[in-house]
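Trainee: Chains A and B, in that order, are what the protein sequence lines are.
Once you know that position 135 of the first sequence is 135 in this note's numbering, the rest is easy, because the numbers rise by one and skip nothing.
Once you know that position 60 of the second sequence is 1060 in this note's numbering, the rest is easy, because the numbers rise by one and skip nothing.
Hints were generated in silico from the structure; no laboratory data involved.
From the three backbone atoms N, C-alpha and C, an ideal C-beta is built for every residue, glycine too.
Far from chain A, some chain B residues (derived; all Cβ distances over 12 Å):
#	residue
1	Val-1008
2	Lys-1065
3	Leu-1127
4	Gln-1143
5	Thr-1170
6	Arg-1173
7	Asp-1184
8	Arg-1210
9	Pro-1277
10	Ser-1317
11	Gln-1334
12	Ser-1467
13	Tyr-1581
14	Thr-1609
15	Asp-1618
16	Gly-1725
Here are the in silico distance ranges between beta carbons for each label pair:
#	chain 1	residue 1	chain 2	residue 2	range
17	A	Thr-43	B	Glu-1776	42 to 48 Å
18	B	Lys-1011	A	Arg-152	23 to 29 Å
19	A	Glu-128	B	Arg-1189	37 to 43 Å
20	B	Glu-1776	A	Asn-116	52 to 58 Å
21	A	Arg-152	B	Gln-1135	55 to 61 Å
22	A	Ala-69	B	Asp-1213	45 to 51 Å
23	B	Gly-1405	A	Val-131	47 to 53 Å
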Amino acid sequence: MKHEIQFIINGHARSLTVESQQTLLEVLREDLRLTSVKHGCSTGECGACSVLLDGEVVNSCMVLAVEAANTEILTAEGLATDEGLHPLQKSFIDHHGVQCGYCASGMLISAKALLNRTSRPHEEEIREALVGNLCRCGAYADIIKSIQVASRARR
Amino acid sequence: MISRKPHVIGKPFPLIEAQKKLTGVTCYAGDEKIVPDMLHARILFSERPSARFWLSNVDAARNHKGVAALLTGQDLATRMGQTILDREMLAVEQVYFAGQPLAIIAAETPEIAEEALALIQVTYEDLPAVLDIEQAIAPGSPQVHPDFYDYPGADALHADPAHNIAHSLTFSRGDVEQGFAAADVILERSYTAAHLQHAPMETHGGVAQRQPDGSVTMWMHVQAPFLQRKIIAKALHMDPAKVRIITGCVGGSFGGKVFVSVEGLLAAIALQTKGRPVRLLLTREEEFKGVFTAPAMRAHVKMGATKDGRLTAIQASYDWDVGASVDAALFHLQSVALAGTGPYAIPNADIRTSAIYTNLLPAAPLRGLGVSQVHWAIEQHIDELAEILNLNPITLRQWNLVKGGDMLFPSFIMHANGLQSCGLQVIDAIHWHPDASSHHDDAPEPDAPKKRIGQGMANGWSPIILSEECGSSISIHFDKENLCNIIVDGVDIGQGLYAFVTQLASFELNIPVEWITVEPTDTANFAPDWEATYHNLLWSTGHALLKATAKMKRQILAYVSEVWEEPISNLDIVDGEVISYASRRRYPLLELLEQNAENENNAPVFSVTSVYRPPNTDGSIESLLQSFASTAYAAEVQVDEKTGGVTILQLAAAADVGHALNPESVRAQIKGGMIQSVSFTLLEEMIFENGIPQSHNFRDYPIATTADMPQQLHPIVVEVPQQSGPYGARDLSHHVQVGAAPAIANAIYRAVGVRIRDLPITAQRIYDALQAKRAEEA
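The following block holds chain A by itself, in its conformation from the complex (with noise of 0.2 Å):
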């Protein structure tokens, strides 16, 4: 069954059709191509689709297209404004929060969520934050650095 559906993604409001069995990771993916949200395992377990939704992060494949109607939504592509990119964008760069980078925007997500929540979380807050998020190339310590530098660089 279709379903006519509007959300605001990265702070443009948008109009689309669906079917009910589409997840919100499908249709960020392919209908509206932003591409930083990723497929790792469709079960919910990798935090590599990881998307703010109305403020909270969710995994995107465990969410119905459609239940993502009238909400905002925020990825990877929405963190840079005119002004360049987010702080949390600027220190994963300088201090190598990123290896493979398959995992990286759904660790930016997350961090993003932890921040709004915290201005100036501790080690153990950060890393509560991104035990959902996996990263296979290990780089956690580097990770946790980059944000930790990004939330003191916001005061």
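Given the coordinates of chain A, work out where chain B should sit on it, guided by the hints.
Mentor: Same frame as chain A, now just chain B:
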């Protein structure tokens, strides 16, 4: 006069791709060619490890609405491999492992493809299955490959197919019998290590399309596109030039995307769809069950030593369960044979390593190439020997470590190395205290279970092997539009290859970093069927690039020399300008390119291609050995005696990289290797039940998360220059994990007095060992 060069070597340098990766611009395999007329492929995998099988209702699937093409083993009976063709692309009459592809289909949508595949009925008639090494080599065991010698390439292997031994390598020196006779103590132990998964975050996949000339183009982000081109072309009986692989950034490989697993099938089905592109993306479950594992190991080590701590002899065997195909695991054996003594100058050594066929998922090399598992055995063995000899384990190691100048065999004298230094620096980093074993007094009764702390360490060495296949090709084009555009044959899998290439070219050509772009690899660019990859990536790419930049510089200077009518020896490039040391003239390169672009007739082509090829070898493993890389690990752990749970309080790793060209990047690689090692050591095990994979996802096969990180990480960079390496550097990523697992095991022993000789060290194994120890003591 010495020209000033950009200070980029040995200085922090950002990863070139990082910004694209963090803004979602980087194109991974799954992001390629999402176009309206694209078809979607799905694969039918075998559910039995060893059986004859029949497919029925295939025509119903083929004629299902929306299906564009379908192939079974009846349509495509072919074998694939690099050295031995022991893996069928699609099973024909018999399946050799669960997860073996039986059919591939291309349809309008992934859902239609699945519906159609579900129409096919598979009937199995089970055959005896060989499920582990013990069973495989037992007399009278069924043969996994009864027709072994019919496979092209089989004659090149040292095999004993009757006992399922696919290939064996040996390495020996001295006389072990004499060595053991001279020993005061002889210790014999067995060790095992589980099957592992590469588990990259990005599953296998890509897009393939038949071209009007009958060739196939594949957008497939693999670690070794030139090797894959060769294997796929051979299997499909095509000219390699008709298989084009275009790569881009890879979302993790760790060795799992070097050899061909499902990629050949994608090429085959795309040849059937009249030019419509076909996309294949494996699900996570398929990534676990239908691609590769890393081989499981069974080792037996016998070592002799004198009372005063001299190692006199070692006899060791390392057997690997390679599943139903050995082809991808052959390289692994070479590394194991050469690393097999551990980093010790033991005068008498007898090392054997064998690949054993079973009816399990085929094995492929995993980061570390088996050398990590070799050290799992050797470095626990040394600790235990030290205890028996009543010697400090560090002293015993330092006394016996291989030193620069030691002759390991007639054709190889050990070079200057960081073995001693790595070992000493890691123990300093964790504040080593001998006999470190303490406990928290959270339990008042003296015999009650406690949380106990212990420290352990391990040395490591890892051979760097350079066969003729470890060459590298590089092209550089210099023009107004793209400035300095570099095409490499290696693939950036996250290790920072493009940053290295940019850094080196900027330094050698003395031009700004911003002028340089590095193109993703496309096999259409180069003819050779080999490339710079895994352990020789920096080595071979570096040498090829040094040749190419020298050639490019000469080409530019020769042109200006003619324009200025000045001898080329007066000229140089400094900060992006051609200058003359004699006439003091300057010619900015940008101006030069601009003028040439206007004056097309006279425009010189600044374009070079260079190839680096390692020296010829006689094929023996000794002649392939280029050098050894050194590492060391030290760990401080806390073990909960109640549960067997381990917390790593501190982990230190030192790696000798020769010369850290990009120090922060090196530290990032070391830290990543440490976390992955913790994961391999404490968490990971690919489970099979009756030959059928039981690990389907990250719940069944957990990998390290931020919650599993050691509380403190100490990455240490050691720099003992590699004389023949580019700028004295050597490759890092592949050996960075060697020593982690035994250092942790030694620390656990020091904490609670139990030795775990089977990897992974799960809480259950520690708990069981503690129970057994208590029972014994009582």
